[in-house]
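In order, the protein sequence lines correspond to chains U and Z.
Throughout the first sequence, residue numbering follows the working numbering, covering 1 to 135 in sequence.
Throughout the second sequence, residue numbering follows the working numbering, covering 136 to 471 in sequence.
To be clear, the hints were calculated from the coordinates, so they are not data collected in a lab.
Quantities reported herein were computed from a predicted structural model and do not represent experimental measurements.
Don't take each hint at face value.
[To be verified] Beta-carbon label-pair distances, calculated as ranges: (1) Ala57/U to Lys137/Z: 52 to 62 Å; (2) Arg216/Z to Lys29/U: 47 to 57 Å; (3) Ser220/Z to Met10/U: 38 to 48 Å; (4) Glu316/Z to Asn58/U: 24 to 34 Å; (5) Lys224/Z to Trp92/U: 21 to 31 Å; (6) Asn335/Z to Gly66/U: 33 to 43 Å.
Just so it is clear, CB atoms sit at the ideal spot from N, CA and C, and this is done for glycine as well.
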Amino acid sequence: MKKENVPQDMGALGKVTKEICYATDASGKYTTELSTGWHVKKEALDVAWKDVEERIANAKQRVLNGEASPLMFFMEYRLMDPGILSDYTGYWKWQIKRHLRPEIFKRLSEKKLQKYAEAFNVKVEDLKTMTVNEA
Amino acid sequence: MKLDFEHRQSAHCESGVTSSLLRKISRNKITEPLAFGIGAGLFFCYIPLIKINNGPAIAFRTYPGLIFKRTCHALGIPVTRKKFSSKEKAEAYLQQCLDRGQPAGCQVGVYYLSYFPREYRFHFNAHNLIVFGKEADNYLISDPVMETTTTLTSYELERVRFAKGALAPRGQLYYPESSHEISDEQIRNAIVKGIKNNVNQMLRIPGGFAGVRGIEYTGKKIKKWLSKLGVQKAGSYLAQLVRMQEEIGTGGGGFRYIYAAFLQEAYAYTQKEELLDISKIFTEAGDLWRTAAVHAAGIYKGRLGSQEDFDQMGDYLIEIAALEKRAFLALKNIKW
């Protein structure tokens, strides 16, 4: 890639920092050039987040329908599968799967809920009500 | 407390951290491309059956931690690397390093990394940064992908050092041990070692999922994605491929441009004319990876989507595989 071809499209990262790209100068020698982003990869990232948003919306609906506990919503929201959540909380995966059932989730003690709240970085109250307080 | 440390932005986190930590003892000679090449950072791997973020598991670089380890090893520099079972011990050890005047490289997860934009926060646990001081409750952070230094509170740093999931960092911390300076002869030998290592990695790993054969294998797979997954999911898979290839930390073109830069720098130490020509092949490969990415974007944006488009996408990778095979064979045949 030639230095003048390093793309300068605005992306999510571009708002925070420019990134370094390796590119060649007029004599063919490698040098670095700062880039604010590239639309091709911005769109790839958008695809990934659109998939995530769909999964979150889906999970939310299932919780509202009474088919799953709010854990399901937060797992999608925090991009956590049972494996990661198990590592964060110390619960076994089978326990987490049990806690995904609304009737069992309702009976969980504050102490147990606190572990989930910590893993998801929310308050216990918000955990129960599927509330998120961040942009 | 602030240590004498100069922040340098780099393209890739681990080669950047390696280069920064070696700055003093190498008198600025170990640049990022040299660290990347000596550490044999260039790779390709497609792991079938495993899913990452509900997409294919594809890597363009070696296993986290290897670049630092190999670079130091090839230069004859002893390394300290520690993992911790307790958060308290991890912080105490970091504090000790700072007290001794030693900046420390840390492996962290990016999900709860507060200065990253939200769009970039996935559960990716192989990010690297350097801690070079502490003021009140704030650790001073040199994150190689950022233009300037930043800070994390002790809680924030603890959280990312003890991120969970695949490749969990477990508080991992590392730094080079030695203080004697590195000679040009040592760098030359390390370059040769790094190139040989990378040749093996791309040409000799059996199984067909890694190295240039892995690229070809992925190309063949992509041709089947449309009928197997449907257009939307196949598009998401391609988007994941492009992210692994182009996102922050790659320097563009799936690390191929950094490697091309490395070969130019390697020429200065070894005077092997071939390296300059081979460098051009890697530039070409990087360009082709990016052409393929543009084509992939056409698919995941919905502009393209026929079987011919997927065939074309697969053919790009097969072409790249042939190109990189030629480049690595040429590297293999250099008489040092």
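Check your understanding: Between Glu316/Z and Asn58/U, is the Cβ distance one that fits in 24 to 34 Å?
Key -> The hinted range 24 to 34 Å is violated for Glu316/Z and Asn58/U, with Cβ atoms some 59 Å apart.
CB of Ala57/U to CB of Lys137/Z, is that within 52 to 62 Å? violated, 46 Å
query: Are Asn335/Z and Gly66/U spaced within 33 to 43 Å by their CB atoms?
result: For Gly66/U against Asn335/Z, whose Cβ atoms are near 56 Å apart, the range 33 to 43 Å is violated.
*Between Arg216/Z and Lys29/U, does the beta-carbon spacing fit 47 to 57 Å?*
violated, 35 Å
Given a hint of 21 to 31 Å, does the C-beta separation of Lys224/Z and Trp92/U actually sit inside it? holds, 26 Å
Taking the Cβ atom of Ser220/Z and the Cβ atom of Met10/U, is their distance within the range 38 to 48 Å? holds, 44 Å
Violation of the numbered hints given earlier is confined to hints 1, 2, 4, 6; the remaining hints are satisfied by the structure.
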